[in-house]
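Using the sequences and the hints, build the whole thing.
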Amino acid sequence: MANAEAPIEEVRSKAVDVEAVADAAERLRAASREAIGVTGDAEVHSLRATLRAANVGLYPVVALGSLVAVDQLSTQGLTIMGPEISGSLGIPRGSYALVLLLKTVVIALVSLPLAAAVQRRARRALVCIATALAWTVLTALSGFVVSVWGLLVLSLGAGAATASTRSVHEPLLLDSYPAEARVRIMSVYRGFDRVGEIVGPLLVGACTALLGLTWRGVFLAMGVTSLLATVVGSRLRDPGFGRWDTDRVRRIVRADAGQDEQLAEDDVQLGFFEIARRVMLIPTVRRVLAASAVVGMFLAPFFTYLAFFLQERWGMGPGARALFSAGTPVFGMVALRIFSRRGEELFRRDPAELLRLSGTLMAAGVVTIALGLFTPLFAPMVFLFGSGIAMLIVIQPAMGLPMYSIVPAHMRAHLAALQSIFIFGVGGAAGLLLLGGIDRRFGTAGAILSMAVPGLASGLILRRAASTVNTDLDHMLDSVVEEEEVKALLAKGTRLPMLSCRNIDFSYGQLQVLFGVDFTVDDGEMVALLGTNGAGKSTVLRVISGLGLPSRGTVRFRGADITFLEAERRVGLGIAQVPGGKAVFGPMRVVDNLRAIGYTHGRDRKAVEAGIEASFDAFPRLAERRNQLASTLSGGEQQMLGLATAFIIRPRLLLIDELSLGLAPIVVGELLEMVRQINRQGTSIVLVEQSVNVALSVVDHAYFMEKGEVRFDGAAADLLDRPDLLRSVFLEGASQGLATASSR
Amino acid sequence: MRGRSRRRWAWALLPVLLGSGCAADGLAFVRDDRVDILSPSSDATVRLPFEVRWSASDVDARYLVLFDRTPMRPNRTLRSLVPSDDQCRMRPSCPDKRWLTDHDLYLTDGTSIRVEDLPEERTNHRAKDRHEVTIVLLDDRGRRIGESVFIREFIVDRED
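Top line first, the protein sequences correspond to chains A and B.
Here this note's numbering = 1-based position in the first sequence + 1270.
Here this note's numbering = 1-based position in the second sequence + 15.
Mixed in with the good hints there might be a few duds.
Stated by the list, open to error - Covered stretches of chain A (chain B as the covering partner; in silico rule of three or more C-beta atoms under 8 Å from a C-beta of chain B): (1) 1357-1365; (2) 1402-1416; (3) 1476-1489.
Claimed, not checked - One-sided and incomplete, this derived list gives chain B residues near chain A with beta-carbon spacing under 8 Å: (4) Ser35; (5) Ala39; (6) Thr85; (7) Pro86; (8) Pro98; (9) Asp144; (10) Arg145; (11) Val164.
Unchecked claim - Cβ-Cβ distance ranges computed for the label pairs, FRET-style: (12) Trp24(B) with Phe1573(A): 33 to 41 Å; (13) Arg1322(A) with Asp47(B): 52 to 60 Å; (14) Gly1482(A) with Arg158(B): 20 to 28 Å; (15) Arg113(B) with Phe1644(A): 43 to 51 Å; (16) Asn90(B) with Leu1730(A): 52 to 60 Å; (17) Trp24(B) with Thr1374(A): 26 to 34 Å; (18) Asn90(B) with Ser1365(A): 53 to 61 Å; (19) Val1501(A) with Ala38(B): 23 to 31 Å; (20) Ser1365(A) with Val31(B): 20 to 28 Å; (21) Asn90(B) with Gly1597(A): 35 to 43 Å; (22) Ala27(B) with Gly1804(A): 55 to 63 Å; (23) Arg88(B) with Glu1615(A): 55 to 63 Å; (24) Leu1702(A) with Asp47(B): 34 to 42 Å; (25) Phe1573(A) with Ser127(B): 32 to 40 Å.
To be clear, the hints were calculated from the coordinates, so they are not data collected in a lab.
Predicted model, so just to flag it, every value in this text is computed and none were measured.
Each residue gets a CB set at the ideal place from its N, CA and C atoms; glycine is no exception.
Right, here's the structure in full:
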């Protein structure tokens, strides 16, 4: 490797200081916030003017709205016509209820694979159209069902298809409209959803009462209605990920760097689970999802119990209940109309205010509904229930926009799918299980009243989520800005360090152990990471190797962001770690340990065998013990076996944790010589050590950590001139030595 | 099996799955108005004992009246209503009139039945005791004709 030949300090001086990127990010953050609609003021132009200025029409929201208005027709048909379908086909009520329950579960679960289907390519419009066509056909086919089996297959199929409205619709809608109009557009979209809630029961009523159709005829009519909506939506096109937010930010950064053309996209793309894990690491998202689960406990059983309450308390039959169900969404539509402009103002001023409003609305909504339970007069009961439900409806756009704004555009479908699972899967199931017993003991009103508790709790969680939303928004913008900066530097021909960690925060649960750690390693370089016990050295290695994920900051390898990449994939990129202590599989033979590591070569047996032979050449003592169990090796031999990793997978970056721990000086000397040999072959090395003498004898550059922060970053020789830092290490070593002596 | 191959199998299986649970013949898309339940009226409150009456036109069949339970599937006989572990199944004449009465099932050629008692359905004393009566048509051998079903919901007042 050419770089290994060059003097390290020369290489380092050529590499760009990551701090330059950080400075630029700070300067661009304000511009980025403005670009995604957080301007700090509350100046909102009319929707028409905003859309005209952005040169976009109402078609995307009308198309997606038409689809969401009909997506639940099949479920509404199954619910309203339940007795007729059950009686006509001779399906027991229990089996019928199970079909409906499974359908709900499928809707929640399928939203995740649908998110995965759109994570790499922006084909959300295609997915929306295809799934709409699928549920249209399956809804119409439901009219031809003759057995519970057929009903199950068609219901689950239609349910799976409608999952696209949960995971794909809103992310597509956000990318179709400029940031300045999104709250209003999401409110319009939710308005269409309410129209669907009104149209469904009315369609059933019209088909049965006016046209004299059976449930089969109703499903055919629903199929035709869905087909009309699908035709309306058939001209939907995907505008690409982040057209109106992250792309805007990228353009600002490129303009700042004096580059107009699109840079080559050569990032390391995250897989499905990596994206899901990355999204879940965002504090606000975790809180919103927790709130969603609690909301689900309230929301999912509420509408079931509401029907029983209306029947028991007010003697309302199926027709009256259907009318009530069709009427309450009207309150929601009025509330959305009032909210949309106000919500836009709040988002522009501060996204946290929108989340706080969601929390307040949640609490106010459940209290209003609880009041409705005890109202002796019918009209006030309808008003209170309608108002309470309206407040809950407004939460969707109010909570949705801040939530979507803090994740990159291509990850929003995953977030939507996760939220759907938390609401309907986690929360819904828990709510139904918990409330069964309460219903039996205190009646339906008691069950609904008890649901107020999770409702109020979710309100509090949402308000708490408001405290982190701005920080998370800035983190998201910073990562986009930094990515563009790095691309711009690469395009200019600037060489970047092999590994750069920037602003890394890491926590074990609630305990934060790394605080804004910056760490750089260049090609062919050997650096030492020193510090006292518990300083966070090993944690830095875990973040680099992917065994631990940071709560903030980025890890870049050869310019590409690998912060959230799986550890296995990092091995493929050339990052390997020798863990501290026993880095071996004890019950396996030495040669089998090496073969196990060789699996990283896939099926290339020749390469594996060649690597094993190279290891044995480098460590003759291992060759002598090739058929011995690894657990029977001495400590030094086990470290040798760990180091032999480098000869098998030939990493570009080798992370060695506590090489000298508990070993005799002569053995440490042998190991250090092997480390030098590995480095001479071109592998960059990070050596984590508590022994300053050991580390500084082999490295040119050193970092010193204390209490989770980097306190020194410079030439190894300079560290020896910092007694203020080294004293703690020596004192710790001395106290350990004294403790050992006294124990003897 | 590779991904593409798996997808092909899935697409091939789809029509089989759908076809096995669907049919095109003998389905009713328009409501059957031949039977009209006259009493009790929808959501009416009745007291025990009470009478269920209905009018019928152009019907050449027997009537099976069920309370709060699902009828048998179309083309199935009354015997399919008897659980597999019921002693009644040992007898060739099962289900006989006594078994039907014990299980709140009424088989008649007429257009009314008298109901002496119904099991309470409500889960707590504040709730109303709601019930559902279902009428289906049977042929001479006790086989269900078509998928027509006539349903009415009502409330029983138990004076407590």
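A quick look at each hint next to the structure:
no.	hint	in the structure
1	1357-1365	holds (count 7)
2	1402-1416	holds (count 5)
3	1476-1489	holds (count 6)
4	Ser35	holds, 7 Å
5	Ala39	holds, 6 Å
6	Thr85	holds, 5 Å
7	Pro86	holds, 6 Å
8	Pro98	violated, 11 Å
9	Asp144	violated, 10 Å
10	Arg145	holds, 7 Å
11	Val164	holds, 4 Å
12	Trp24(B) with Phe1573(A): 33 to 41 Å	holds, 39 Å
13	Arg1322(A) with Asp47(B): 52 to 60 Å	holds, 56 Å
14	Gly1482(A) with Arg158(B): 20 to 28 Å	holds, 27 Å
15	Arg113(B) with Phe1644(A): 43 to 51 Å	holds, 49 Å
16	Asn90(B) with Leu1730(A): 52 to 60 Å	holds, 57 Å
17	Trp24(B) with Thr1374(A): 26 to 34 Å	holds, 27 Å
18	Asn90(B) with Ser1365(A): 53 to 61 Å	violated, 19 Å
19	Val1501(A) with Ala38(B): 23 to 31 Å	holds, 28 Å
20	Ser1365(A) with Val31(B): 20 to 28 Å	holds, 22 Å
21	Asn90(B) with Gly1597(A): 35 to 43 Å	holds, 41 Å
22	Ala27(B) with Gly1804(A): 55 to 63 Å	holds, 60 Å
23	Arg88(B) with Glu1615(A): 55 to 63 Å	holds, 59 Å
24	Leu1702(A) with Asp47(B): 34 to 42 Å	holds, 35 Å
25	Phe1573(A) with Ser127(B): 32 to 40 Å	holds, 38 Å
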